[in-house]
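Asks: Here the protein sequences come in this chain order: X and D.
Going by numbering that gives the first Met the number 0, the first sequence runs without a break in its numbering and finishes at 194.
Going by numbering that gives the first Met the number 0, the second sequence runs without a break in its numbering and finishes at 383.
Hint data in this document are derived by calculation from the structure and do not stem from the laboratory.
Beta carbons: idealized from backbone N, C-alpha and C, even for Gly.
Any given hint could be a false lead.
Distance condition first, Cα-Cα at most 27 Å in a straight line; then the derived DSSO-like pairs of lysine-lysine [what the hints assert, rightly or not]:
id, chain 1, residue 1, chain 2, residue 2
1, D, Lys150, X, Lys6
2, D, Lys298, D, Lys259
3, D, Lys358, D, Lys306
4, X, Lys159, D, Lys51
5, D, Lys200, D, Lys275
6, X, Lys6, X, Lys148
7, D, Lys378, X, Lys83
8, X, Lys35, D, Lys150
9, X, Lys156, D, Lys306
10, X, Lys89, D, Lys259
11, D, Lys150, X, Lys2
12, D, Lys380, D, Lys358
13, X, Lys102, X, Lys171
14, D, Lys325, D, Lys259
15, X, Lys179, X, Lys6
16, X, Lys35, D, Lys275
17, X, Lys35, D, Lys298
18, X, Lys6, D, Lys298
19, D, Lys378, X, Lys152
20, X, Lys35, X, Lys179
21, D, Lys306, X, Lys2
22, X, Lys156, D, Lys150
23, X, Lys2, X, Lys148
24, D, Lys378, X, Lys6
25, D, Lys275, X, Lys6
26, D, Lys378, D, Lys275
27, X, Lys89, X, Lys102
28, D, Lys352, D, Lys325
29, D, Lys298, X, Lys89
30, D, Lys306, D, Lys352
31, X, Lys89, D, Lys380
32, X, Lys2, D, Lys275
33, D, Lys298, X, Lys2
Stretch by stretch, here's where chain D covers chain X in the computed footprint (C-beta under 8 Å, at least three residues) [what the hints assert, rightly or not]:
id, region
34, 22-36
35, 64-78
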Amino acid sequence: MSKLVFKEIRLSGSGGQGLILGGIILANAAVNDGNKVTQTQSYGPESRGGYSRADVIISNEDINFPEAIRQDILLSLTQEACDKYSLDLKQGGILIVDTTFVKYIAIQAPNTYELPFTDIAQEQLGTQLVTNILSLAFLVRISGIVNEKSLEKAIRKTVKPAFVDLNIKAMKLGFSLATKEKRLRQKEEDLEVQV
Amino acid sequence: MAQNSQKPVLTLMQGNEAVAAGALAAGCNYFAGYPITPSTEVAEILANELPKRGHTFIQMEDEIASIAAIIGASLAGAKSFTATSGPGFSLMQEGIGFAKITETPCVVVNVQRGGPSTGLPTSPAQGEIMQSRWGSHGDAPAIVLYPDSVKESYALTIRAFNLAEKYRTCVVLLLDEVLGHMREAITIPDASEIQIINRIKPTVPANWYKHYDENQKYLSPLASYGEGYRFHVTGLAHDAQGFPTNKPQEAGAMMERLQKKIVHNIRDLVQIESYKMEDANIAIFAAGIMARSAKAAVKMARAEGLKVGLLRPLTIWPFPDDAVRKMLKNVDYVVVPELNQGQFLHELRRLVKSTTDSKLIGLQRVNGTLITPTEILQKIKDVL
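If we strip away everything but chain X, and leave its shape as in the complex, we get (with noise of 0.2 Å):
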């Protein structure tokens, strides 16, 4: 018998920034890896400002619950979502946290990564409009929870036609993103080695 896999994600902010779109295109490429997924969402009435918040359970075997509550990875793309959700963070879960409106952290998780997202999907790309796919592909490489061709796949599928390039170019700034985070961490851990 294989080793379950049971994973908890989260995508939390504010309507308008594309979470549940993030959270649709993260179960995609989770199917296209083979694996059994649920994705769920809670919004409020607005269809801009308010709550919103996009679930992914990612596993081989049957999902019977479908919300994300005791999350494996979660990402914050406001101040409101990450004070919210944080403390429901699993014991070594990864916390993702756009710290364009993210200020303060309630929690102390090493697996911590602060980075201002909005901003850098403006400065870099022209528009805040893919602030999800960015953080999306950033959380993707960070965790390995779907593979990264699973992934475009699921991009190319999902968003309108018009929008694709933009996407993919987001996708791809997410990665290169996360592996400068990941070498600098590294090289974090082998000073502390060296001391």
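Following the hints, put chain D in place on chain X, whose structure we already have.
Replies: Leaving out everything else, chain D in the frame of chain X:
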């Protein structure tokens, strides 16, 4: 969309998408509705798909008109359908009663959200367990189906159409908001694997046709307007030809037939899932999305050595009395998690032998969030 492709492929699909796809697979050729969260995707998809197939989609002025339109379309031979949520479902109640008394096949999907009134439009609730049974005035039975997954949303939508056609009545499919919007990967079966039931058509000469043929037991043929058969349709109590009557004998016979149609076919109508019940001394009774919490709770309890099982109705009306009685006989406690103030619990109380019986443990929530598996497990531990 996936249902167009020939070979089965795994597709990530929402519950609402699966309902729309199931309706098309069942042969739905007419939708009239008024979009409402959290059922909107059903209308959105059918607005695209039905015209492509040469069929009809109408966005109506409201839900009263929507239910009236689908009943009219059905009488003209269409397999008709509408989708709504709480406030719309309330408006449709009178029409649902009209479909029942006129024995007109149609399907209503109610993706439940928090109520009453506008309530919590984007949050889950299971507030219409009783409304789907008793919401329309008068005393007629109901057929109500309740899926717990995207895959089952597809299958039960097809079944809803089949039962509507077979029993000539309005069949209601209840979904939870979470399920309507939840995505899971499903394989759409090949059309050849899907069983489709269509209404029985009359074979008698036109002037022999009775719209409510008592000689045909409870499943009588149904002519469509425009086929040459003459019949009268009214919401008043009617005779076999469909003309109004207030003769106690005829009115009584009509009401009795509506009842017997369901009671005599209970085995065909009731569907339940029994999960790890064989040796259970504690059962969870739950439907829809709460059954998913419950199943996770069963697995957690079993891992701790607790003998817990789950009984899940796929058909909630008619109520699975026999299965519930058996469960009540075999277990010490039944935990009933539900997103309302105890509607299933109330129905289960009808089946316990004594009113002082404390076997039933309710677990209710109406704040727009789900009851988690851990909370159900805790409730089980509390009663032990």
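Asks: So, for every hint listed, does it hold in this structure?
Replies: These are the hints, each one checked on the structure:
1. Under the criterion of a C-alpha separation no larger than 27 Å, the hint pairing Lys150 of chain D with Lys6 of chain X is consistent with the structure, at around 22 Å.
2. This hinted pair does not check out: Lys298 of chain D and Lys259 of chain D have alpha carbons roughly 40 Å apart, beyond 27 Å.
3. Distance restraint check for Lys358 of chain D and Lys306 of chain D: the Cα-Cα separation of roughly 16 Å lies within the 27 Å cut-off, and the hinted pair is therefore satisfied.
4. Simply put, Lys159 of chain X and Lys51 of chain D have alpha-carbon atoms about 21 Å apart, close enough for the 27 Å limit, and the pair holds.
5. Of the pairs offered as hints, the one joining Lys200 of chain D and Lys275 of chain D is violated, with about 43 Å between alpha carbons and a cut-off of 27 Å exceeded.
6. Only pairs whose Cα atoms come within 27 Å are accepted, and Lys6 of chain X paired with Lys148 of chain X is accepted, the gap being roughly 19 Å.
7. Of the supplied pair hints, the one linking Lys378 of chain D and Lys83 of chain X holds, its CA atoms being roughly 25 Å apart against a limit of 27 Å.
8. In summary, the hint linking Lys35 of chain X to Lys150 of chain D is supported, as the alpha carbons are separated by about 13 Å, within the 27 Å threshold.
9. Straight-line distance between C-alpha atoms of Lys156 of chain X and Lys306 of chain D comes to about 45 Å, which puts the hinted pair past the 27 Å bound.
10. Straight-line distance between C-alpha atoms of Lys89 of chain X and Lys259 of chain D comes to about 55 Å, which puts the hinted pair past the 27 Å bound.
11. Of the pairs offered as hints, the one joining Lys150 of chain D and Lys2 of chain X holds, with about 25 Å between alpha carbons and a cut-off of 27 Å not exceeded.
12. For the suggested pair Lys380 of chain D and Lys358 of chain D, the alpha carbons sit about 14 Å apart, so the restraint of at most 27 Å is met.
13. For the proposed pair Lys102 of chain X and Lys171 of chain X, the alpha carbon gap of about 26 Å is at most 27 Å, so the pair holds.
14. For a cut-off of 27 Å, the pair hint linking Lys325 of chain D to Lys259 of chain D stands: about 24 Å separates their Cα positions.
15. At most 27 Å may separate the alpha-carbon atoms for a hinted pair to count; Lys179 of chain X and Lys6 of chain X meet this at roughly 25 Å.
16. A C-alpha spacing of about 22 Å is found between Lys35 of chain X and Lys275 of chain D, which places the hinted pair at or below 27 Å, so the restraint holds.
17. Between Lys35 of chain X and Lys298 of chain D, the direct Cα distance comes to roughly 18 Å. Compliance with the 27 Å bound is thereby established for this hinted pair.
18. Distance check on the hinted pair: Lys6 of chain X and Lys298 of chain D sit about 17 Å apart at the alpha-carbon level, within 27 Å; holds.
19. Restraint check for Lys378 of chain D and Lys152 of chain X: the C-alpha separation of about 44 Å exceeds 27 Å, so the hint is violated.
20. With a CA separation close to 31 Å, the supplied pair Lys35 of chain X and Lys179 of chain X exceeds the 27 Å bound.
21. Only pairs whose Cα atoms come within 27 Å are accepted, and Lys306 of chain D paired with Lys2 of chain X is accepted, the gap being roughly 25 Å.
22. Among the hinted pairs, Lys156 of chain X with Lys150 of chain D is consistent with the structure: their alpha-carbon atoms are about 22 Å apart, no more than 27 Å.
23. Taking the CA atoms of Lys2 of chain X and Lys148 of chain X, the gap is about 23 Å. The hint holds against a cut of 27 Å.
24. Taken as a hint, the Lys378 of chain D and Lys6 of chain X pair is honoured in the structure, with Cα atoms around 26 Å apart against an allowance of 27 Å.
25. The suggested pairing of Lys275 of chain D with Lys6 of chain X holds, with an alpha-carbon distance near 25 Å, which does not exceed 27 Å.
26. Taking the CA atoms of Lys378 of chain D and Lys275 of chain D, the gap is about 18 Å. The hint holds against a cut of 27 Å.
27. Proximity of Lys89 of chain X to Lys102 of chain X is assessed by CA-CA distance (about 21 Å); at most 27 Å being required, the pair is judged to hold.
28. Taking the CA atoms of Lys352 of chain D and Lys325 of chain D, the gap is near 12 Å; set against the 27 Å cutoff, the hint holds.
29. Under the criterion of a C-alpha separation no larger than 27 Å, the hint pairing Lys298 of chain D with Lys89 of chain X is consistent with the structure, at around 20 Å.
30. Annotation: proposed proximity of Lys306 of chain D to Lys352 of chain D holds, straight-line Cα distance about 23 Å (limit 27 Å).
31. Among the hinted pairs, Lys89 of chain X with Lys380 of chain D is consistent with the structure: their alpha-carbon atoms are about 24 Å apart, no more than 27 Å.
32. Between the alpha carbons of Lys2 of chain X and Lys275 of chain D the distance comes to roughly 23 Å, so the proposed pair stays at or under 27 Å and holds.
33. Proximity of Lys298 of chain D to Lys2 of chain X is assessed by CA-CA distance (about 17 Å); at most 27 Å being required, the pair is judged to hold.
34. Counting residues of the region 22-36 of chain X whose C-beta sits closer than 8 Å to any C-beta of chain D gives 6, which meets the bar of three, so the coverage hint holds.
35. For the region 64-78 of chain X, the stated coverage by chain D holds: 4 residues have a C-beta nearer than 8 Å to a C-beta of that chain, and at least 3 were required.
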